[in-house]
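Q: Here are the chains, one letter per residue:
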Amino acid sequence: MSDHQEKGHTLAASRRMRWKSIRLIYRREMIDQLRDRRTLFTIAILPILLYPLLGMVLLQISQFKREHPISLCVLGKDHLQVPTPLFNGDEFAEGIAEDSGSIEVIHYDWGTIKLGRDVTEETTRWIQEGRFDLVLVIPPEFLDESARTTQDVANLKLFYDVTSDESRIARDRVLTVLTRWQNLWVRGELAQTGVDESVLNPFRLDEVDVAPQQSKSAAFWSKMLPFIMLVWALTGAFYPAIDLVAGEKERGTLETLLCSPASRAEIVWGKLGAVATASMATALLNCGSMLVTSSMIFKQLTLGTGAAVGAPPLLPMLWLLIALVPLSLLFSAVALSAAALAKSSKEGQYYLMPLMMVTLPLVMIPMLPGTELSAGTSLIPVTGMFLLVRSLVEGDYLVAALHVPMVLGVTSLCLWLAMNWARKQFEDEAVLFGSQEPFDLRRWLALSWKQRDEVPARSISYLCGAVILVALFFAKLSGGEMPTDAGSFAKMVIVPQVTFILLPALVFAVLSSRKPTHALRLKGISWQTAGISVALGALFHPTYLLLGEAVTTLYPMNAQAEEAMRPIADQMSQLPWGLVIVLIAVTPAICEELAFRGVIFSGLLRGRKPFGAIVTTAILFGSSHGVLQQSICATVMGVVLGIVAYRTGSVLPGVLVHFTNNAMSVSLERFASSGLTGVESFLSVSETGIRYQTWWLVTSATMSVFIFWYIIRYLSVKTVPLNGDPNTGNGAGQSIASGGYPNKQAKSHFSTAE
Amino acid sequence: MIDVTSLTKVYPDASRGNFLAVDEVSFEVRSGEIFGLLGANGAGKTTVLRILSTVLAPTSGNATIAGHSVVDEPELVRRKIGFVSNNTAIYDRMTAAEMVEHFGQLHGMSKDEVVVRCDELFKQLRMEDFRNVLGAKMSTGMQQKVSIARALVHDPPVLIFDEATLGLDVMVARNLLAIIRDLRTQGKCLVFSTHIMSEVERLCDQIAIMHRGTILDRGSLIELRERHQENDFEELFFSLVSQHESDETNALIQPLADSELNPHQPTDAVARGEGMR
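If you read the sequences in order, they're chains A and B.
Numbering-wise, our numbering comes out as the position in the first sequence, counting from 1, plus 655.
Numbering-wise, our numbering comes out as the position in the second sequence, counting from 1, plus 156.
Chain B on its own, in the form it takes in the complex (with noise of 0.2 Å):
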């Protein structure tokens, strides 16, 4: 359903120089599966996200999403995907049932079919209470409901949720989750990203540990643990991070021991390296 290859992203920045965000990421993702995308805060995990939902171009490689290239095909991928950012991003001046059903009509649903849409929605996630609420009288637990109900208006096979749960309570995240699963049953493809190991460890089928940019590892919580031969999944997590760390010193350090060694080794590499991070 996704399928995601050498994706690269650099950012131009007037005071820092280009910036490496994603660098050859590639990955898949299967129809009723929850692929997450574990990182620390500035890994990358939202630049991926922003090209697979199209807001993004990448500088370079590509991702499809059931079958239409994010590259060639921006809007046939935007109809077949269902965004959940980490901003519950709610128009203040809009009622619960206004938001959902424009962004309905937006799809290319009809009037009609929107109205049926909505009440189904608003019933399964228990949004009936406060469906004529205003963006800015709702607490966070129900931005995040309408934010769900809002990116599963059309029924999008694939779902992407960008640190869905950040800044919510427990009881409102534990319900999130809860939705989430629900939406794998349902045969969805979903795409989570969240910096809190244990969301990971409960929902997801498929994991990418991403750091500055790069996928350190990848495959199912299982795998993971066998491969590095660490049942702790914290742990395991800051053992890769902390080799990528090392290797990147030593990658760094090297030229310049060489250059010390060679006055003729141009040290413009090294320059540039440390300009990309």
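The shape of chain A in the complex, shown without the other chains (with noise of 0.2 Å):
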């Protein structure tokens, strides 16, 4: 074998992934944080000690709530003249208190207050220094039998404090004693009046729970384990992650370990496992700890319905522990890359709590009531393994595996997508060995001013993006009127679009480049690319409406949203179709496309490939859209406008299929109700709406498939090299074929923009 070739097998070697050095690392590791205190603490030390703790401070509550003697004061208990006697001396009449534990009552006569003073503001003062839990007010007026029930100055007042725990549940407790006195009065009166009390009650109701015991535990539990495996086994990454990997490049051991030959990968996956070790043996410390306890600790407790909470079943728990694999994986690979970016752990800290605020709503949408496993909720990662997990622990198995592949789906992109991200962070210089320096905004901005380019910079990309988001977000908080007449609606749609999205645009443009105009990415266009853009955007429309109905029946809109937007659909149809297309396919076409393909795009384009920068701006598109619903087919809108505006080079192209879809939109009721021949072979009208024929919905999507071909075989411009250097000189990812021109015999501009 020549050298040469002892070389390569040696080197190729070398680039496998190796197992060993993998184990290694894992290893070390692992030995390092096991001989850690604070990762004992979290991991080990916590669980042991928290669940036993908190079940004995719940157990004091509950022996607190059931037997803490309450002060009752009573004012004005001579005023009691009634035929069923509340008080029996001083003490509750017999009959009445039982069950409620020990009440105190301390009898007050009206003549205690002193004369001038007003009552409320008296027995008020009497709370708020803690001499009483309550007062019960019985004025002089409750005297009078026709008074009582037609005056408001005869009612009988309970006073009490919202804020003080032993005040609430005073009352409470003085409520059902007041109710039974109540209802021992009516029965008197009935009695009396010679009417059979069963009046009262016509018939008699049998509640009868058919789940079993056991499904009524799992039914609690697989709500609540899951929830708490999930929050401990992201806790429990988060530590590790900072030390091991923030703390590492804070020591200077990072450097070392990678001057050895473990490759970037197989350290990410070393520290990964550890990491996912840590997590994993948190939540199971966890969990197994809150078992433990709990199960002693609920037989001596009635939750809520006062139905009993048993052990929890351990058999269908065992589906918990497959789930936490991946998700800890996940999570793992999440804080790994989070706290790559921090280059001490105190740094580290600040990174993390943010991807814990972003996590956390995840794990939580599962215990919003009536959340299900679904289409839907299983396509959202976490929420959907969440739901997953407690539909096989509550026994439906049908459920569970119709949605197994969507959950494991979504969960292994999620995991891949975060492991990529991993491993990207580790091969990244300027995240490993980054300036030591604060950031100087002042000194940046000077620079970002000083050294603009005909394009802006990609955190200028990012800052636009930002501006227009939260822009949009508090336009909608302060909120207006719906719309009622054809000036309201156009000051609804414009207002928005141009304050908010065009605006902050066009500053950038000018401010962030030496050529907005690059910036914008305004360039000329050949009459027949608008065609063709027209066409794409025409032939599209019928794809895009049935993406609108799968994710409207994936997600569905809730009543209360619909009907906030049927004043707008009723303007729209109302109005002059002139009007409506001027509102609603031309100023967004124009405004979302010069902010999103314009300058956000042609930032994002700079030092990254272009697939990430039309990802990234769809996903801003996506979300400057309110409706979740409508977010997510704006995003998929966006790539298909993305991937036109990277191949012809310009903003315009997208402008025209922006236009012409939204154009096509608010029009298909106006051309149903034409009349126009031939119509009907091409929508059809149901009470559910208006559809496109299905042979059209074919063509028309293999059509557009074909023109979009076309665009990036033939429509593409050439693109420089994407490089990240603002001292490049022409923008990069910027036409340099023909001035941008699709082809040199295009000379008929579409444009005067250039």
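Derived from the structure by calculation, the hints contain no laboratory data.
Mixed in with the good hints there might be a few duds.
Stated by the list, open to error - List of simulated lysine-lysine pairs, DSSO-like, C-alpha gap at most 30 Å:
1. B:K236 - A:K998
2. A:K675 - B:K279
3. B:K293 - A:K1001
4. A:K1079 - A:K675
5. B:K279 - B:K236
6. A:K1001 - A:K1079
7. A:K1079 - A:K998
8. B:K279 - A:K1079
9. A:K732 - A:K812
10. B:K236 - A:K675
11. B:K267 - A:K675
12. A:K1170 - A:K1264
13. B:K267 - B:K293
14. B:K279 - B:K267
15. A:K1264 - A:K1079
16. A:K998 - B:K267
17. B:K293 - B:K279
18. A:K998 - A:K675
19. A:K998 - A:K1264
20. B:K236 - B:K267
21. A:K1131 - A:K1146
Assemble the dimeric complex from its two separately framed chains, guided by the hints.
A: What follows is the structure, given as structure tokens:
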């Protein structure tokens, strides 16, 4: 074998992932973590102590709630000249205060309140000073039998303090007593008048809970345990991730490790294994400790409905363990990647807290009442897995089996993305050895201005996107009234489009670029490209409409949201067609495209592959649409528009596609009711709405794929390699072919923007 | 053994603009030779050594170590080098023996091989006393010895010391320099960066004086003294650096002056020149 061949083989061998290296790194990290008191405390000691302590507190509270004597001040007992006595002497009458725990009753005469003082003020002061938990006021007017049911001044008043636990508990118990007294009184009245008391209860109702006790336990535990497990899996991943990456950077040991023959991927896998082990151990120990404690505690407690919550069914809980592995890996990979951005352990904590804020809602969604495993929820990362486990624990195997492919697909995709992110972080010099200097905003702004290029810097594009999203968010929150006429409808559409989307885009284009027209990607296009773009917009519309239907099937709109949008739809059908086209098709097409496929896209194209820029722009574009269902569809459309914008090198084809798509959306109803010949061949009208005929759906989809291919194949402008160097002259990713025109003979400009 | 050709490294920096840390650096080092990289803080020494140890990738240029390119075969390069950084980079919660054995195994040595090698190294570096002491409980001298043992465990032909004496007391520093000399006699190829002139004078066979990313001059101590007619090495260093700074200032002022004379002359180059430094 020649030297060259030998070298090649050695190199190939060295580039293969070596399990031995991964194992060694994993082993070292585990030794390191197990010798770290902080990690041991979080993983082992905290869970062992936490739940027994919490249990004790719970028992104490329960005991307190049941046995704590409450002090009730009764003011004006003398005014209780009623047939059914509430008091017998100073105590509650017999049979009224049973099972209400000890209530200490202190009677004050009405004259106790000094002359001229307000009763409400005085009793409020008594409670706030802690003299009594609550005060029952019986006004003199209560003596007047006719006034009791007709005049407010004769009402009994129970004063309490909602911010005080004692006062709230006392209120509940005294209300029970008063309700019992009221019932006795009513029965007595009925007996006096000779009416059978059965009129109060004309029928009896027996509630029969058919769920076996095991399922009842499962229903509670299948919500509670996954939540506890996932929250701890997340928490358990954080500190090891910070220590293994940011901590190693801080101590300088990461550099030594990077000099070893272990590849970056091997280092990532080894560290990921250690973080995931810590995450799983934390989750398991917490759940274990909680189960042991709760199985003892819950026997003595009754919750909410009064049904006893027994010990959790252990065997179905094994599903949790299976789900824990991918989710722990996912959390660990994300935590590892985020921690890699930090230069020190302290900084790492700042990065991971927002991550917690983003991830926690995914764990919380399944806790919301009525959230079940469905096609829609199974596509939400983490939430889907949580709900799948819940179905398995509750024994809904069929539902679970139906959704397993989607849940596993989404989880695997997220895991793959997170792993790739982590690996990329370890390959990124800027992340590993980034500047230790603190970020200086003034210097950055000054430099951005001094070194501004033909297109904005990537950071500026992100900033522009953030400004637009935040502005739209607050605009939506501040809200406006629903449109009632053409003027208010036009205002509702134009103001946010121009003020919060177009204006920021133009400001950023002017301030962050030496050639704002390049930043906005305003390049002339041929009539041919214009025609093809309009055709793509029209032909893609049936597919887009189908996508919208699919999304609303997966994630149905709630009735309130639909109701809220009705005035808009009504206005659109009433206003002149031309005006609707201008407002809904022309305005957004111009404003949104200049912002998203203009300023934001041109900056994002720098220093990264176009795929990343297209997807990021699409996500920002999708996020700018307030309703979830719209956002999903807009993100898909954003990808299409991004590819068109990238391939043609101009924002204008995207404007045309966007315009045509929106115009089709607002015109379908008018087309359908126009009575034009042949319309019914394309459109079908039913109670559920207007749909494209299937043949046209298939044909148009095929044609739009062909057009898409044509754009990619024949209308693509050459692009220079992308780089992130703000000093490079020509805007990276910009057209260099024949001044940006698709072909040389096409000189007929669609726009004069250039 | 080490052949560095036109090595250049540019760091993108959000608040400073692109920063040229190493500019067209070239040198070569043979086996049995200590090559000293001398320069003030921020001269670019660490960047050069990080590129040689494949932790950083060069923006342009290349370097080969024991026949392997740092650009194309970083994994093979890492098998041939031992790296000792200015930070002792010791794991606080591992003992000296565990650390050295861990890195030996990462280099592909078997458990038995690594134990034998550790015994040999611990004896050679007089580390037996703290073999089982945790990193957090070691003195700086002990930590530096562990760092060296870790770099030597796989017996690499090339050793890179990045300001390895930084922060060490005189006794420990002298001990370290003695170890480095000993490694030279074993035929190792050594690269040693420092900003301490006396260390370079006493230790290095070849010296490169670096300033602001470029090598101002290189050669043996005798060659440098003869070339610059200066026996005092500190004076020699200062005169080279001062000369370079004054050349740079002139290079910046000249286009400015020209642009004042000729309003059509673009001044971007000047602005970029500032940004690069």
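Q: State for each hint whether it applies.
A: Checked hints:
With a C-alpha separation of about 29 Å, the suggested pairing of K236 of chain B with K998 of chain A holds against the 30 Å cut-off. At most 30 Å may separate the alpha-carbon atoms for a hinted pair to count; K675 of chain A and K279 of chain B meet this at roughly 28 Å. For the hint linking K293 of chain B to K1001 of chain A, the alpha-carbon distance of about 23 Å falls within 30 Å, and the restraint holds. Between the alpha carbons of K1079 of chain A and K675 of chain A the distance comes to roughly 22 Å, so the proposed pair stays at or under 30 Å and holds.
Between K279 of chain B and K236 of chain B, the direct Cα distance comes to roughly 23 Å. Compliance with the 30 Å bound is thereby established for this hinted pair. A hinted pair counts as satisfied when its Cα atoms are at most 30 Å apart, and K1001 of chain A with K1079 of chain A qualifies at roughly 22 Å. Straight-line distance between C-alpha atoms of K1079 of chain A and K998 of chain A comes to about 16 Å, which keeps the hinted pair within the 30 Å bound. In summary, the hint linking K279 of chain B to K1079 of chain A is not supported, as the alpha carbons are separated by about 41 Å, beyond the 30 Å threshold.
Straight-line distance between C-alpha atoms of K732 of chain A and K812 of chain A comes to about 13 Å, which keeps the hinted pair within the 30 Å bound. At most 30 Å may separate the alpha-carbon atoms for a hinted pair to count; K236 of chain B and K675 of chain A meet this at roughly 19 Å. Of the pairs offered as hints, the one joining K267 of chain B and K675 of chain A holds, with about 12 Å between alpha carbons and a cut-off of 30 Å not exceeded. Between K1170 of chain A and K1264 of chain A the CA atoms are separated by roughly 23 Å; this keeps the pair inside 30 Å, and the hint holds.
Between K267 of chain B and K293 of chain B the alpha-carbon distance is near 26 Å, which keeps this suggested pair within the 30 Å criterion. Distance restraint check for K279 of chain B and K267 of chain B: the Cα-Cα separation of roughly 18 Å lies within the 30 Å cut-off, and the hinted pair is therefore satisfied. Between K1264 of chain A and K1079 of chain A the alpha-carbon distance is near 14 Å, which keeps this suggested pair within the 30 Å criterion. With a C-alpha separation of about 34 Å, the suggested pairing of K998 of chain A with K267 of chain B is violated against the 30 Å cut-off.
A threshold of 30 Å between alpha carbons decides the hint, and for K293 of chain B with K279 of chain B the separation of about 20 Å falls inside it, so the pair holds. The suggested pairing of K998 of chain A with K675 of chain A holds, with an alpha-carbon distance near 28 Å, which does not exceed 30 Å. For the hint pairing K998 of chain A with K1264 of chain A, the CA-to-CA distance comes to about 27 Å; that is within 30 Å, so the pair holds. Our distance criterion of 30 Å between C-alpha atoms is met by K236 of chain B and K267 of chain B, whose separation comes to about 20 Å.
As the CA atoms of K1131 of chain A and K1146 of chain A are separated by approximately 14 Å, the hinted pair is consistent with the 30 Å bound.
Violated hints for the displayed structure, listed by number in ascending order: 8 and 16.
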